[in-house]
Amino acid sequence: MLKEHQTNLLKQYWFLCFFIKIYLWFSFYSSWRLGVLAMKLFFCQGYLMNGFSFRRAYSIARKEVRHIVRDPFTLGLAIGLPLLMVLFFGYAMDFNVHDIDLTVYDLDHSRSSRQLAETFQSSGYFNIHFRDLDANMAKTLDSQKARGVLYIQPHFERDMNREGTVTTQVLIDGSDNSTAGVIGGYLSGVQMAAIQKITGQTASQPVSVVTRYLFNGELNSRWFTVPGLSVVVLAILGIMLTALTVAREWENGSMEMLLSTPVSPAEIIVGKLFPYLVMGFIGQTIIYLAARLLFGVPFAGSHILLFIGTLLFLTACMAQGLIISVTTRHQIAAIQFSQTLGQLPAMMLSGFVFPVESMPIFFQYFTMIFPARWYMVVVRGLFLRGAGIEELIWPLLILLGMDILFISMAVRFFKRDVEP
Amino acid sequence: MKFKLPNFKLKLNPTLIGFIKKELVQTLRDTRMRFLLLVAPMIQLILFGFALSTDVRNIKISFVYKPNDVLMREIEDRCYGSSWFIPAPKDDSNPFHLIQSGRADAVLMAPEGGLTRATEIGKGRVQLLVDAENIEKAQSIDGYVKSIVAEALEEHTHLKQPNPPIQFSVRYLYNPELETSVFMVPGVLCMVLVIITVVLTSSSIAREKELGTFEALIASPAKPIEILMGKTVPYVIFGMVDMFLVLTVAVLVFHVPMRGPIWMLFVGALGFVINTVSLGVLLSSFVRNMQQSSMFGFLFIFPAIQLSGLIYPIENMPWILKPIAYMDPVMYFVALLRNIMLKGGDLGLFCTYAGILYAMAVFMVWVSSGRFRQTLN
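First to last, the protein sequences are chains A and B. Each number in the numbering used here comes from the position in the first sequence (counting from 1) with 3 added on. Each number in the numbering used here comes from the position in the second sequence (counting from 1) with 184 added on.
Some clues are possibly wrong.
To be verified - Per label pair, the in silico range of CB-to-CB distance: (1) B:Q311 x A:I392: 56 to 66 Å; (2) B:K206 x A:T330: 44 to 54 Å; (3) A:E121 x B:P251: 17 to 27 Å; (4) A:S211 x B:E361: 22 to 32 Å; (5) A:Q199 x B:E499: 42 to 52 Å; (6) A:L86 x B:T397: 31 to 41 Å.
In short, the hints are calculated from the structure, not lab data. Each residue gets a CB set at the ideal place from its N, CA and C atoms; glycine is no exception.
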């Protein structure tokens, strides 16, 4: 029989092997792809880069900028979305529950029972309401009048003095996990305070554990969520906008027209995507500034690494958007696919709210295929911990590999469609 | 006197029926739509019911102690023996660096002279360094380690601490094990409904506008009310069908309890779906193409779900967001769903919330049909 930590070690070993395999595969593939690209560029006769003209790409970009400026929605999304996200996640999202309604049924009416109820109130987490016992205590929770019930039985004080220990019942509404767990956590603190208040004893332990919280000493949950927002915003902006803009050209039939001009496919792609790259960077800048200025999140890492990571991640997103638009060619489908591929992984599978380490083992590997997960490592590492290049080199390399893979896939699909 | 029964014959408007049929066929024949209607909700359900939870597991922990410290080794074994921790590499020189480089989430450091010695003198501090980036995780780690250390100490010193004078016996009602799936699945149901109804309705109208077939509709002899009904009724049907689909899977696969009567759920869901569908109509009246409709849809759905109390409680929101939360139909429906499914449906609460939902629905239908007529004329 294997012990728990041995199986864990085995898992880690397997994980390592898996990683090395993926890495080798990526490195072979990407070096081959890069080599081919370099050759083509060098001899200037490859089909992809044949006579690539920045002037023509620039004209396409200018046309795209006009589209964006004319349509206030796109621009509004690029600026409005980050602001909206920061507002909601920065201000609304708070797992530290306070003002919990607690109904107290005090059947003892003694000094101690009142003190116990007062301790709940003075802890700052609870709002207590006294009520007389009616038929069914659980009814208060059923009708959502309170989130918890404290039931102090008759002879509470007498039992405590006589037997030295007494148990009171606390009922918590378990239909809302996120609050129920937190309330349960507060109870031990309240218990200590109540014991001290009522009996005057202090619990003293000869050997104690002292916890030091690193990088976020005040346990401010915003320092955790706000930097992670950039992943969500970039994923949505990058994938959705790209997918839509190209799909629209297909749907309107103007793509065929563009292709019949001397502009090459590569120039179209570069020209169409560049303005959205800039918009992605604007979104990232807004989040960064909001994090630093509004929420005071420290930035301990290197800005160059952040820039490189953002560039790699945005490229991956836009390439995904391109693949979507080329394969679907319809806006309505493009929207749905980009929501499935952009929003869902970025919000749910990147570790933005739900930690990746806690997922079942299959999902831990499954999340690896999404760029958002790797960019999340980069952003989180850079902001609070100040992770260095030696730690971030892996995620960055994987992002680079994904970029190359996605771009070559997009170009291949694009070519296949253009030249039937 | 002969009592004459009034002749109630359900008048089925053939234009409307044809319209609804067209819309149903058009949606169902598209593979991607079928995917969106049938597969996407299942994916969401599986993700939320199975993969995602805020429980903390696989914590990388490292220990710093002298080799002869028996008690610390005991604690280490206990940590790895529990399902929460996995070993991190040891680096005696600088535990801080171990955490900073992301190789460990926590480091437990023995007091000077060792923990075994410290218990003998009866004085000492074990230091726990925790990466507090994710505060929920940090607090869980703190709790886990403290309980393990206390257990080990108690066993080592053979000193059973006397029972404290006051104890709480805590019971979590409705979901005693605090399972994530029980909590999340009603929420997922709600999310699926919002996304399907709002997005599909608004994008189907936006598509007609973009393709120019909307003009053809206006020119057709169909009355505005028929166009409006034809565009909305199919999506109400889709929403309701999807809800029962997700509900079946939730109850059969994830064993989410369904304690309340099904009619309550049906009545509540119908009120909610009318709200969201008319919202989709309202949104579509402001847009010219599908790109805008999807963005508008997102800009509505995102805050609506965030403010609904689905993920974090409304009580915690700042005062400025609370009024908006109370105007959010999603919030009432989430509360209603959880109450019906987990608590068996409190009649008073049901009447209040369903009443609010239907009042909102009446208002929304009034506003959106007004806007819709305007765009038609």
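How the hints compare with the structure:
no., hint, verdict
1, B:Q311 x A:I392: 56 to 66 Å, "violated, 29 Å"
2, B:K206 x A:T330: 44 to 54 Å, "violated, 27 Å"
3, A:E121 x B:P251: 17 to 27 Å, "violated, 50 Å"
4, A:S211 x B:E361: 22 to 32 Å, "holds, 31 Å"
5, A:Q199 x B:E499: 42 to 52 Å, "violated, 28 Å"
6, A:L86 x B:T397: 31 to 41 Å, "holds, 36 Å"
Violation of the numbered hints given earlier is confined to hints 1, 2, 3, 5; the remaining hints are satisfied by the structure.
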